[in-house]
Amino acid sequence: MSSVLELRGVGKTFARVPALRDIHLAVGTSELVGLIGPSGSGKSTLLRCCNRLTEPDAGEVVFEGNPVPAGGAELASVRRRMGMVFQAFNLYPHLNALQNAALAPRRAAGLSQGEAETAAREALERVGLGDRTTAMPDELSGGQQQRVAIARALALRPRILLLDEPTSALDPELVGSVLRVIRSLKEDGVAMLIATHEIAFAREAADRIAFLADGEILECGPPGEILDRPKSGRLQTFLSRL
Amino acid sequence: MSEFFQTFLNLEVMAESAGLLARGLLVTVEACLIVIPGGLFFGAGLALAQTLAPRSVTGLLSWGVDLVRAFPPLVLLVLIVHGLPFLGIEPPPLLGVGIALTINTSTYYGEILRAGILSIEPTQWEAARSTGLGTAATLRHVILPQGVRNVLPDLAGNTLEAVKLTSLASVVALPDLLRMARVAQGVHFNPSPLILAALLYLALLWPLVRLIRRLGGRAVLPA
Numbered sequence: 001m002s003s004v005l006e007l008r009g010v011g012k013t014f015a016r017v018p019a020l021r022d023i024h025l026a027v028g029t030s031e032l033v034g035l036i037g038p039s040g041s042g043k044s045t046l047l048r049c050c051n052r053l054t055e056p057d058a059g060e061v062v063f064e065g066n067p068v069p070a071g072g073a074e075l076a077s078v079r080r081r082m083g084m085v086f087q088a089f090n091l092y093p094h095l096n097a098l099q100n101a102a103l104a105p106r107r108a109a110g111l112s113q114g115e116a117e118t119a120a121r122e123a124l125e126r127v128g129l130g131d132r133t134t135a136m137p138d139e140l141s142g143g144q145q146q147r148v149a150i151a152r153a154l155a156l157r158p159r160i161l162l163l164d165e166p167t168s169a170l171d172p173e174l175v176g177s178v179l180r181v182i183r184s185l186k187e188d189g190v191a192m193l194i195a196t197h198e199i200a201f202a203r204e205a206a207d208r209i210a211f212l213a214d215g216e217i218l219e220c221g222p223p224g225e226i227l228d229r230p231k232s233g234r235l236q237t238f239l240s241r242l
Numbered sequence: 001m002s003e004f005f006q007t008f009l010n011l012e013v014m015a016e017s018a019g020l021l022a023r024g025l026l027v028t029v030e031a032c033l034i035v036i037p038g039g040l041f042f043g044a045g046l047a048l049a050q051t052l053a054p055r056s057v058t059g060l061l062s063w064g065v066d067l068v069r070a071f072p073p074l075v076l077l078v079l080i081v082h083g084l085p086f087l088g089i090e091p092p093p094l095l096g097v098g099i100a101l102t103i104n105t106s107t108y109y110g111e112i113l114r115a116g117i118l119s120i121e122p123t124q125w126e127a128a129r130s131t132g133l134g135t136a137a138t139l140r141h142v143i144l145p146q147g148v149r150n151v152l153p154d155l156a157g158n159t160l161e162a163v164k165l166t167s168l169a170s171v172v173a174l175p176d177l178l179r180m181a182r183v184a185q186g187v188h189f190n191p192s193p194l195i196l197a198a199l200l201y202l203a204l205l206w207p208l209v210r211l212i213r214r215l216g217g218r219a220v221l222p223a
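From first to last, the protein sequence lines stand for chains U and Y.
To convert, note that position 76 of the first sequence is 76 in my numbering; the numbers rise steadily by one, no gaps.
To convert, note that position 187 of the second sequence is 187 in my numbering; the numbers rise steadily by one, no gaps.
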């Protein structure tokens, strides 16, 4: 399987504390890779290094066969094709759902206003919010807000979605609606790299799971292997505490 | 009591000085039309420069802003209106006043707008960047609309101060509202024109004051 995204020896240190160490990980076309691990293990940093929201200080991130450029229009172009979804949604509170999803297609991808709105509307329909296009973020539930955030990324027709604990900020009863959307995206063949604490979801939806601890990938493989036959003590302990 | 009315609220004197004061009011409005848009424009420039420029430049800028803010606006006004002619530049009085007060008020607008930009969570920048938006588009479509809204009461308050600041122009002989009121006071040996001028300022500023009150009541911190 060809990789959409590949991390080769990526490392990151914050104030002399290593947050990521020699990360090697590839996400194939249509593949869903789950990142699990304790809080502070480096899941978010790993995702943010992919689109250089956090600048890695070692290794290389390769997207569609080319290194992710350091800045400028080339990096912006890569970011458009690498959608990101944040734990706290980070919607634009002054824009309604449609405007949230149409802003980047219009102002970053250079589509006409009409084309951008069409792309945004399709993306909102895809996450089941076709009837809430004019709602402001504060009129939506947490689950709906996160689905708007997913639509905002989808409206740019990305090759891969990076999702940073997309359900961690949600009330338990709202988690299902977001996970359903992620499942349906997987069925449509969208490649995804998801940091998550939803182990049951990872088991069922992920093609592979990587276990991160102290900034290192200790184990990586199919869900059955990782969750049912953990090799490292760290992973055994992590799973036993869930 | 009637002596008080004769002195301060003499309707006859007010009626006779109304023409003078109307001309003064016009000059005050003209000065405001230079100082307020000019201050907002250059203030926005200062705020953006301080947000985006490298640290060495922002340090220099904030030093300059502090200097202007600590400098008495009256002295700045006198220096520019009476000093520029020594350099061979002789702007019309209204423009001279406009330049001096724009320099002063743009530093205040600039600091308010900068506070507005800083009031927006870095996560908004990140969300915009993650979709490939550049710095200019992020500022224009994400940061400024929210940031300006957060500081609207302060912007309106500074505008109020800017209007009142234009009354300093009377010192450098610009025939603004206050200057004309003092001329009328001299003509009639009666301070009633000053009271009339105050009432005109009040009429000019009252809608703005009420607007600020309403904005202040509605300003809500983001959750």
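One or more hints might be untrue.
To be clear about the criterion: a stretch of chain U counts as covered by chain Y if any three or more of its residues have a C-beta under 8 Å from a C-beta of chain Y, and this derived list gives those stretches [as the list claims (entries may be wrong)]: (1) 88–94; (2) 107–117; (3) 226–240.
Honestly, the hints are just simulated from the structure, not real lab data.
If you're wondering where the values come from, they're calculated on a predicted model, not measured in any experiment.
Just so you know, even glycine gets a beta-carbon here, dropped at the ideal spot from N, CA and C.
When I compare C-beta atoms, does the region 226–240 of chain U have three or more residues closer than 8 Å to chain Y? Contact hint for the region 226–240 of chain U vs chain Y: violated, 0 residues under 8 Å.
Between the region 107–117 of chain U and chain Y, are there enough contacts, at least three residues with CB-CB distance under 8 Å, for the coverage claim to hold? With 3 residues close enough to chain Y, the hint holds.
So is the region 88–94 of chain U in contact with chain Y by the C-beta rule, three or more residues under 8 Å, or is the coverage claim wrong? It holds: at least three residues are needed, and the region 88–94 of chain U offers 6 whose Cβ sits within less than 8 Å of chain Y.
The structure does not agree with numbered hint 3 stated previously, though it agrees with all others.
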